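Asks: Sequence:
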Amino acid sequence: MKKISRIFLLAAAAASLSGCSDKNDKLSTGKLSGKSDPESITYSWQTPYEEKIGEFKASDAYTEISAFDIIDITGDGSPELIISPNSDATTKCLIYSYSDDSLSELGEIGNFGSFSYCPVTNVIKDEFHGNGFVLGKIYSLSNGPLNTLLSYSDNSDSASMGAEIYHEINGENISLAEYEEAIAPYSDLNTIEVGRRFSMGENAVNYGLRYSESWKSVLNSDRQKLCREKLQAEIALAQEEERNAAFDFCDLNGDKTPELIISENSAPESTCTVYYFSGEQLIQMDGTYGANGVLSFDTQQYVFFADKETGSTYWSIANSAFLADEYKKSDSIIITGRKYPLNDSGISAVFN
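By the numbering used here, the letter at position 219 of the sequence shown is numbered 325, and the numbering carries on one by one without gaps.
I should point out that these hints are in silico values taken from the structure, not numbers from a laboratory. Remember, it's a predicted structure, so these values are computed and weren't measured experimentally. Accuracy of the hints is not assured; some may be wrong.
[What the hints assert, rightly or not] Cut-off 20 Å, straight-line C-alpha distance, at most; resulting in silico cross-link-like pairs (DMTMM-like, lysine to aspartate or glutamate):
1) K163 <-> D437
2) K158 <-> E319
3) K331 <-> D450
4) K231 <-> E270
5) K434 <-> E415
6) K243 <-> E278
7) K322 <-> D357
8) K322 <-> D182
9) K434 <-> D450
10) K362 <-> D194
11) K435 <-> D450
12) K163 <-> D194
13) K231 <-> E211
14) K158 <-> D143
15) K198 <-> E161
16) K243 <-> D263
[As the list claims (entries may be wrong)] What follows is a list of derived Cβ distance ranges for each label pair:
17) T416 <-> N237: 23 to 31 Å
18) Y272 <-> E347: 18 to 26 Å
19) E274 <-> S146: 21 to 29 Å
20) N276 <-> E415: 38 to 46 Å
21) E415 <-> A164: 15 to 23 Å
22) M267 <-> T148: 50 to 58 Å
Ideal placement from N, C-alpha and C gives every residue a C-beta, glycine not left out.
Using the sequences and the hints, build the whole thing.
Replies: Rendered as C-alpha coordinates:
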(Lines of atoms letter the chains of each structure in order from A and count residues from 1; the text may use other names and numbers.)
(Lines give C-alpha, C1' and ligand atoms only; values in the text may rest on other atoms or scores of the structure.)
Protein backbone atom coordinates (compact mmCIF):
# COMPACT_ATOMS: atom_id res chain seq x y z
CA MET A 1 0.00 0.00 0.00
CA LYS A 2 1.38 3.36 -1.00
CA LYS A 3 1.65 6.20 1.44
CA ILE A 4 1.58 9.88 0.49
CA SER A 5 2.95 12.63 2.70
CA ARG A 6 3.43 16.37 2.26
CA ILE A 7 5.99 18.65 3.88
CA PHE A 8 5.55 22.42 3.52
CA LEU A 9 8.67 24.56 3.17
CA LEU A 10 9.45 28.26 3.39
CA ALA A 11 11.18 29.33 0.18
CA ALA A 12 11.32 32.62 -1.69
CA ALA A 13 7.68 31.90 -2.27
CA ALA A 14 5.70 29.18 -0.50
CA ALA A 15 6.33 25.76 -2.07
CA SER A 16 5.23 22.30 -1.06
CA LEU A 17 6.99 18.99 -1.17
CA SER A 18 5.11 15.73 -1.47
CA GLY A 19 6.29 12.16 -1.55
CA CYS A 20 5.19 8.61 -1.92
CA SER A 21 6.84 5.53 -0.51
CA ASP A 22 6.81 2.28 -2.39
CA LYS A 23 41.99 23.46 -22.38
CA ASN A 24 40.25 25.98 -20.17
CA ASP A 25 37.10 26.83 -22.03
CA LYS A 26 36.01 30.41 -21.41
CA LEU A 27 32.43 31.59 -21.27
CA SER A 28 31.20 33.34 -24.39
CA THR A 29 28.46 34.98 -22.34
CA GLY A 30 27.85 35.26 -18.61
CA LYS A 31 30.24 36.15 -15.81
CA LEU A 32 30.92 34.81 -12.36
CA SER A 33 28.99 37.74 -10.91
CA GLY A 34 25.88 35.67 -11.61
CA LYS A 35 23.48 35.22 -14.53
CA SER A 36 19.84 34.32 -13.99
CA ASP A 37 19.44 31.85 -16.85
CA PRO A 38 21.92 28.98 -17.31
CA GLU A 39 20.98 28.71 -20.98
CA SER A 40 22.36 32.22 -21.54
CA ILE A 41 25.82 30.83 -20.75
CA THR A 42 27.44 29.14 -23.72
CA TYR A 43 30.57 27.04 -24.18
CA SER A 44 32.34 26.03 -27.38
CA TRP A 45 32.00 22.31 -26.60
CA GLN A 46 28.19 22.29 -26.31
CA THR A 47 27.27 21.98 -29.99
CA PRO A 48 29.96 19.37 -30.86
CA TYR A 49 28.94 17.25 -27.88
CA GLU A 50 25.26 17.55 -28.78
CA GLU A 51 26.05 16.42 -32.31
CA LYS A 52 28.09 13.45 -31.03
CA ILE A 53 25.22 12.38 -28.75
CA GLY A 54 22.82 12.67 -31.69
CA GLU A 55 25.18 10.60 -33.82
CA PHE A 56 25.34 7.91 -31.13
CA LYS A 57 21.54 7.88 -30.75
CA ALA A 58 21.27 7.21 -34.49
CA SER A 59 23.63 4.21 -34.23
CA ASP A 60 22.91 0.54 -33.52
CA ALA A 61 24.69 0.85 -30.16
CA TYR A 62 21.97 3.10 -28.74
CA THR A 63 19.32 1.61 -26.45
CA GLU A 64 16.78 3.04 -24.00
CA ILE A 65 19.29 2.57 -21.17
CA SER A 66 22.15 4.38 -22.90
CA ALA A 67 23.50 7.29 -20.87
CA PHE A 68 26.17 9.98 -20.88
CA ASP A 69 28.16 12.26 -18.61
CA ILE A 70 29.69 15.73 -18.85
CA ILE A 71 32.64 16.18 -16.50
CA ASP A 72 36.23 17.37 -16.56
CA ILE A 73 38.46 14.29 -16.15
CA THR A 74 41.63 15.78 -17.66
CA GLY A 75 41.99 18.60 -15.16
CA ASP A 76 42.17 21.33 -17.79
CA GLY A 77 38.98 23.13 -16.76
CA SER A 78 36.93 21.99 -19.75
CA PRO A 79 34.64 18.95 -19.48
CA GLU A 80 34.81 15.73 -21.46
CA LEU A 81 31.83 13.90 -22.95
CA ILE A 82 31.49 10.31 -21.77
CA ILE A 83 29.02 8.04 -23.55
CA SER A 84 27.86 4.84 -21.84
CA PRO A 85 26.09 2.48 -24.30
CA ASN A 86 24.55 0.33 -21.54
CA SER A 87 25.22 -1.03 -18.05
CA ASP A 88 26.34 -4.58 -18.94
CA ALA A 89 29.37 -5.95 -17.07
CA THR A 90 31.74 -5.68 -20.01
CA THR A 91 30.50 -2.34 -21.35
CA LYS A 92 33.09 0.41 -21.64
CA CYS A 93 32.56 4.15 -21.89
CA LEU A 94 33.63 6.19 -24.90
CA ILE A 95 35.47 9.38 -23.96
CA TYR A 96 35.53 12.53 -26.13
CA SER A 97 37.25 15.85 -25.65
CA TYR A 98 36.90 19.20 -27.41
CA SER A 99 39.72 21.70 -27.87
CA ASP A 100 41.12 23.93 -30.62
CA ASP A 101 37.80 23.69 -32.49
CA SER A 102 38.17 19.93 -32.79
CA LEU A 103 36.41 16.91 -31.25
CA SER A 104 38.70 13.97 -30.49
CA GLU A 105 38.17 10.50 -29.05
CA LEU A 106 40.42 9.80 -26.06
CA GLY A 107 39.69 6.10 -25.66
CA GLU A 108 37.37 3.50 -24.12
CA ILE A 109 37.36 2.52 -20.47
CA GLY A 110 35.26 1.04 -17.68
CA ASN A 111 32.97 -1.81 -16.71
CA PHE A 112 29.19 -1.79 -16.31
CA GLY A 113 29.19 1.38 -18.41
CA SER A 114 31.03 3.50 -15.84
CA PHE A 115 34.37 4.06 -14.15
CA SER A 116 35.85 5.80 -11.09
CA TYR A 117 37.65 9.14 -11.23
CA CYS A 118 39.71 10.86 -8.53
CA PRO A 119 39.81 14.65 -9.02
CA VAL A 120 42.48 15.13 -6.34
CA THR A 121 45.11 13.04 -8.14
CA ASN A 122 43.48 13.38 -11.57
CA VAL A 123 43.56 9.65 -12.24
CA ILE A 124 41.00 7.10 -13.40
CA LYS A 125 40.55 3.80 -11.58
CA ASP A 126 39.11 1.04 -13.75
CA GLU A 127 38.54 -2.04 -11.64
CA PHE A 128 36.62 -5.27 -12.21
CA HIS A 129 35.81 -7.68 -9.38
CA GLY A 130 35.08 -11.27 -10.38
CA ASN A 131 34.57 -14.45 -8.39
CA GLY A 132 37.63 -14.37 -6.15
CA PHE A 133 39.76 -12.06 -8.27
CA VAL A 134 40.26 -8.43 -9.21
CA LEU A 135 41.57 -6.87 -12.42
CA GLY A 136 42.43 -3.20 -12.49
CA LYS A 137 44.17 -0.36 -14.25
CA ILE A 138 45.06 3.17 -13.21
CA TYR A 139 44.98 5.74 -16.00
CA SER A 140 45.88 9.36 -16.47
CA LEU A 141 44.33 11.71 -19.05
CA SER A 142 46.33 14.80 -18.19
CA ASN A 143 48.52 14.59 -21.29
CA GLY A 144 46.03 13.55 -23.95
CA PRO A 145 44.78 10.01 -24.71
CA LEU A 146 44.55 7.40 -21.98
CA ASN A 147 47.92 6.72 -20.41
CA THR A 148 48.22 3.55 -18.29
CA LEU A 149 50.03 4.29 -15.05
CA LEU A 150 49.57 0.86 -13.49
CA SER A 151 47.87 -2.45 -14.24
CA TYR A 152 47.25 -5.04 -11.56
CA SER A 153 45.52 -8.35 -10.90
CA ASP A 154 45.11 -10.51 -7.84
CA ASN A 155 43.16 -13.65 -6.94
CA SER A 156 43.85 -13.90 -3.20
CA ASP A 157 40.14 -14.36 -2.52
CA SER A 158 40.25 -17.62 -4.50
CA ALA A 159 42.46 -19.35 -1.92
CA SER A 160 39.52 -21.16 -0.32
CA MET A 161 38.65 -22.61 -3.74
CA GLY A 162 42.07 -24.22 -4.10
CA ALA A 163 43.26 -21.86 -6.85
CA GLU A 164 46.93 -21.12 -7.47
CA ILE A 165 47.39 -17.63 -6.05
CA TYR A 166 49.04 -14.85 -8.03
CA HIS A 167 49.68 -11.14 -7.56
CA GLU A 168 50.61 -9.23 -10.72
CA ILE A 169 51.74 -5.67 -11.38
CA ASN A 170 52.12 -4.61 -15.01
CA GLY A 171 52.02 -8.27 -16.04
CA GLU A 172 54.79 -9.36 -13.65
CA ASN A 173 54.09 -11.94 -10.94
CA ILE A 174 55.38 -10.57 -7.61
CA SER A 175 55.06 -11.20 -3.88
CA LEU A 176 52.01 -10.11 -1.93
CA ALA A 177 54.07 -7.50 -0.03
CA GLU A 178 55.34 -6.00 -3.30
CA TYR A 179 51.82 -6.05 -4.75
CA GLU A 180 50.31 -4.24 -1.76
CA GLU A 181 53.08 -1.64 -1.85
CA ALA A 182 52.48 -0.98 -5.56
CA ILE A 183 48.72 -0.47 -5.28
CA ALA A 184 48.79 1.33 -1.90
CA PRO A 185 48.76 4.86 -3.43
CA TYR A 186 45.54 4.01 -5.27
CA SER A 187 43.72 1.83 -2.73
CA ASP A 188 41.83 4.53 -0.83
CA LEU A 189 41.27 7.17 -3.49
CA ASN A 190 38.28 9.43 -2.92
CA THR A 191 36.57 8.77 -6.26
CA ILE A 192 33.30 9.57 -7.98
CA GLU A 193 31.48 7.33 -10.44
CA VAL A 194 31.47 8.66 -14.00
CA GLY A 195 29.55 7.68 -17.11
CA ARG A 196 25.83 7.36 -16.41
CA ARG A 197 24.58 10.61 -14.85
CA PHE A 198 22.27 11.58 -17.72
CA SER A 199 19.81 9.53 -19.72
CA MET A 200 19.52 10.39 -23.40
CA GLY A 201 15.99 11.78 -23.39
CA GLU A 202 15.73 15.21 -25.02
CA ASN A 203 15.27 17.13 -21.75
CA ALA A 204 18.10 15.30 -20.01
CA VAL A 205 20.47 15.96 -22.92
CA ASN A 206 19.58 19.65 -22.81
CA TYR A 207 20.12 19.72 -19.03
CA GLY A 208 23.47 17.96 -19.25
CA LEU A 209 24.78 20.26 -21.97
CA ARG A 210 23.31 23.61 -20.93
CA TYR A 211 22.73 23.46 -17.20
CA SER A 212 25.09 21.08 -15.42
CA GLU A 213 28.28 23.07 -16.11
CA SER A 214 26.70 26.52 -15.80
CA TRP A 215 25.62 26.71 -12.17
CA LYS A 216 28.93 28.19 -11.02
CA SER A 217 28.26 31.13 -13.34
CA VAL A 218 24.57 31.46 -12.43
CA LEU A 219 25.31 31.98 -8.75
CA ASN A 220 26.38 35.49 -7.78
CA SER A 221 29.38 36.06 -5.51
CA ASP A 222 27.26 36.21 -2.33
CA ARG A 223 25.59 32.89 -3.06
CA GLN A 224 28.88 31.31 -4.00
CA LYS A 225 30.24 32.41 -0.62
CA LEU A 226 27.28 30.84 1.18
CA CYS A 227 27.87 27.54 -0.64
CA ARG A 228 31.59 27.53 0.05
CA GLU A 229 31.03 28.17 3.75
CA LYS A 230 28.46 25.39 4.00
CA LEU A 231 30.66 22.94 2.10
CA GLN A 232 33.74 23.78 4.16
CA ALA A 233 31.79 23.12 7.35
CA GLU A 234 30.56 19.81 5.97
CA ILE A 235 34.11 18.77 4.98
CA ALA A 236 35.24 18.81 8.60
CA LEU A 237 32.23 16.78 9.72
CA ALA A 238 32.64 14.20 6.93
CA GLN A 239 36.33 13.77 7.70
CA GLU A 240 35.60 13.35 11.39
CA GLU A 241 33.03 10.65 10.62
CA GLU A 242 35.19 9.10 7.84
CA ARG A 243 32.47 9.44 5.23
CA ASN A 244 33.03 9.52 1.46
CA ALA A 245 30.88 12.62 1.09
CA ALA A 246 30.21 14.51 -2.14
CA PHE A 247 28.06 17.34 -3.50
CA ASP A 248 26.31 18.65 -6.59
CA PHE A 249 23.98 21.38 -7.82
CA CYS A 250 20.59 20.78 -9.45
CA ASP A 251 17.53 22.93 -10.16
CA LEU A 252 14.81 20.81 -8.58
CA ASN A 253 11.91 23.22 -9.13
CA GLY A 254 12.61 24.88 -12.48
CA ASP A 255 13.30 28.40 -11.21
CA LYS A 256 16.73 28.59 -12.95
CA THR A 257 18.45 28.62 -9.55
CA PRO A 258 20.20 25.46 -8.38
CA GLU A 259 19.73 23.73 -5.08
CA LEU A 260 22.89 22.57 -3.30
CA ILE A 261 22.81 18.82 -2.72
CA ILE A 262 25.20 17.22 -0.24
CA SER A 263 25.61 13.45 -0.28
CA GLU A 264 26.60 11.91 3.03
CA ASN A 265 28.23 8.80 1.56
CA SER A 266 27.99 6.27 -1.28
CA ALA A 267 26.63 3.33 0.75
CA PRO A 268 23.15 1.98 -0.16
CA GLU A 269 21.53 3.52 2.93
CA SER A 270 23.14 6.93 2.40
CA THR A 271 20.94 9.92 1.65
CA CYS A 272 21.29 13.55 0.55
CA THR A 273 20.59 16.84 2.26
CA VAL A 274 19.12 19.61 0.09
CA TYR A 275 19.73 23.34 0.56
CA TYR A 276 17.84 26.09 -1.27
CA PHE A 277 18.26 29.84 -1.62
CA SER A 278 15.78 32.21 -0.05
CA GLY A 279 16.99 35.66 -0.99
CA GLU A 280 20.62 35.64 0.05
CA GLN A 281 20.18 32.89 2.61
CA LEU A 282 20.99 29.22 2.14
CA ILE A 283 18.37 27.15 3.95
CA GLN A 284 18.26 23.43 4.63
CA MET A 285 15.18 21.60 3.42
CA ASP A 286 13.47 19.46 6.04
CA GLY A 287 14.39 15.77 5.88
CA THR A 288 16.89 13.79 3.83
CA TYR A 289 16.36 12.27 0.39
CA GLY A 290 17.66 9.64 -2.00
CA ALA A 291 19.49 6.34 -1.79
CA ASN A 292 23.09 5.30 -2.44
CA GLY A 293 23.97 8.91 -1.77
CA VAL A 294 22.20 10.23 -4.88
CA LEU A 295 18.87 11.54 -6.10
CA SER A 296 17.29 10.60 -9.39
CA PHE A 297 15.65 13.62 -11.01
CA ASP A 298 13.10 13.81 -13.83
CA THR A 299 14.11 16.97 -15.70
CA GLN A 300 10.89 16.99 -17.70
CA GLN A 301 8.43 16.73 -14.81
CA TYR A 302 10.54 18.15 -11.95
CA VAL A 303 10.16 15.12 -9.74
CA PHE A 304 13.06 13.71 -7.74
CA PHE A 305 13.06 10.24 -6.30
CA ALA A 306 14.93 7.42 -4.60
CA ASP A 307 14.94 3.91 -6.02
CA LYS A 308 15.39 1.24 -3.34
CA GLU A 309 14.93 -2.50 -3.18
CA THR A 310 11.93 -1.89 -0.93
CA GLY A 311 10.30 0.49 -3.42
CA SER A 312 10.57 4.03 -4.70
CA THR A 313 9.84 7.34 -3.01
CA TYR A 314 8.93 10.45 -5.02
CA TRP A 315 8.94 14.15 -4.19
CA SER A 316 8.28 17.42 -5.99
CA ILE A 317 8.93 21.00 -4.87
CA ALA A 318 7.80 22.36 -8.24
CA ASN A 319 4.18 21.25 -8.08
CA SER A 320 2.14 21.70 -4.89
CA ALA A 321 -0.57 19.40 -6.29
CA PHE A 322 1.88 16.57 -7.05
CA LEU A 323 0.57 13.06 -6.36
CA ALA A 324 3.09 10.25 -6.51
CA ASP A 325 0.43 7.70 -7.51
CA GLU A 326 -0.20 9.67 -10.70
CA TYR A 327 3.43 10.21 -11.64
CA LYS A 328 4.73 8.52 -14.80
CA LYS A 329 8.48 8.67 -15.30
CA SER A 330 9.72 10.42 -18.47
CA ASP A 331 12.74 9.42 -20.55
CA SER A 332 14.79 12.33 -19.17
CA ILE A 333 16.28 11.18 -15.88
CA ILE A 334 19.52 12.42 -14.35
CA ILE A 335 21.48 11.34 -11.28
CA THR A 336 22.56 14.12 -8.95
CA GLY A 337 24.39 14.37 -5.64
CA ARG A 338 27.90 13.06 -6.23
CA LYS A 339 29.47 15.04 -9.06
CA TYR A 340 32.15 16.59 -6.83
CA PRO A 341 33.96 14.98 -3.88
CA LEU A 342 33.43 16.94 -0.68
CA ASN A 343 36.98 18.20 -0.25
CA ASP A 344 39.03 21.28 -1.11
CA SER A 345 39.70 20.02 -4.63
CA GLY A 346 35.99 19.46 -5.26
CA ILE A 347 35.11 22.96 -4.06
CA SER A 348 37.89 24.48 -6.16
CA ALA A 349 36.60 22.65 -9.24
CA VAL A 350 33.35 24.61 -8.91
CA PHE A 351 34.31 28.03 -7.63
CA ASN A 352 37.88 28.67 -8.85
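Asks: Each hint: holds or not?
Replies: Here's how the hints hold up against the structure:
1. Between K163 and D437 the alpha-carbon distance is near 14 Å, which keeps this suggested pair within the 20 Å criterion.
2. A distance of roughly 18 Å separates the Cα atoms of K158 and E319; the hinted pair therefore holds under the 20 Å criterion.
3. For the hint pairing K331 with D450, the CA-to-CA distance comes to about 14 Å; that is within 20 Å, so the pair holds.
4. Between the alpha carbons of K231 and E270 the distance comes to roughly 26 Å, so the proposed pair goes past 20 Å and is violated.
5. With a CA separation close to 19 Å, the supplied pair K434 and E415 stays within the 20 Å bound.
6. For the suggested pair K243 and E278, the alpha carbons sit about 14 Å apart, so the restraint of at most 20 Å is met.
7. Proposed proximity of K322 and D357 is supported: the alpha carbons are some 13 Å apart, at most 20 Å.
8. Of the supplied pair hints, the one linking K322 and D182 holds, its CA atoms being roughly 16 Å apart against a limit of 20 Å.
9. Pair hint K434 plus D450 does not hold up; C-alpha atoms about 39 Å apart against a cutoff of 20 Å.
10. Distance check on the hinted pair: K362 and D194 sit about 35 Å apart at the alpha-carbon level, beyond 20 Å; violated.
11. Simply put, K435 and D450 have alpha-carbon atoms about 36 Å apart, too far for the 20 Å limit, and the pair is violated.
12. Distance restraint check for K163 and D194: the Cα-Cα separation of roughly 18 Å lies within the 20 Å cut-off, and the hinted pair is therefore satisfied.
13. A hinted pair counts as satisfied when its Cα atoms are at most 20 Å apart, and K231 with E211 qualifies at roughly 19 Å.
14. Of the pairs offered as hints, the one joining K158 and D143 is violated, with about 25 Å between alpha carbons and a cut-off of 20 Å exceeded.
15. Between the alpha carbons of K198 and E161 the distance comes to roughly 18 Å, so the proposed pair stays at or under 20 Å and holds.
16. Restraint check: the Cα-Cα separation between K243 and D263 comes to about 19 Å, which is no more than 20 Å; the hinted pair holds.
17. Remark: the range hint 23 to 31 Å for T416 to N237 is upheld by a beta-carbon distance near 28 Å.
18. Checked against the given bound of 18 to 26 Å, the beta carbons of Y272 and E347, roughly 37 Å apart, lie outside it.
19. In this structure the supplied range 21 to 29 Å is violated for E274 paired with S146, their Cβ-Cβ distance being about 52 Å.
20. Separation of N276 from E415 is about 39 Å and conforms to the stated range, judged on CB atoms against 38 to 46 Å.
21. For the hinted restraint 15 to 23 Å between E415 and A164, the CB-CB distance of approximately 36 Å leaves it violated.
22. Distance hint check for M267 and T148: the Cβ-Cβ separation is about 56 Å, which falls inside the suggested range of 50 to 58 Å.
Figure legend: structure checked against the earlier numbered hints; hints not met, in rising order: 4, 9, 10, 11, 14, 18, 19, 21.
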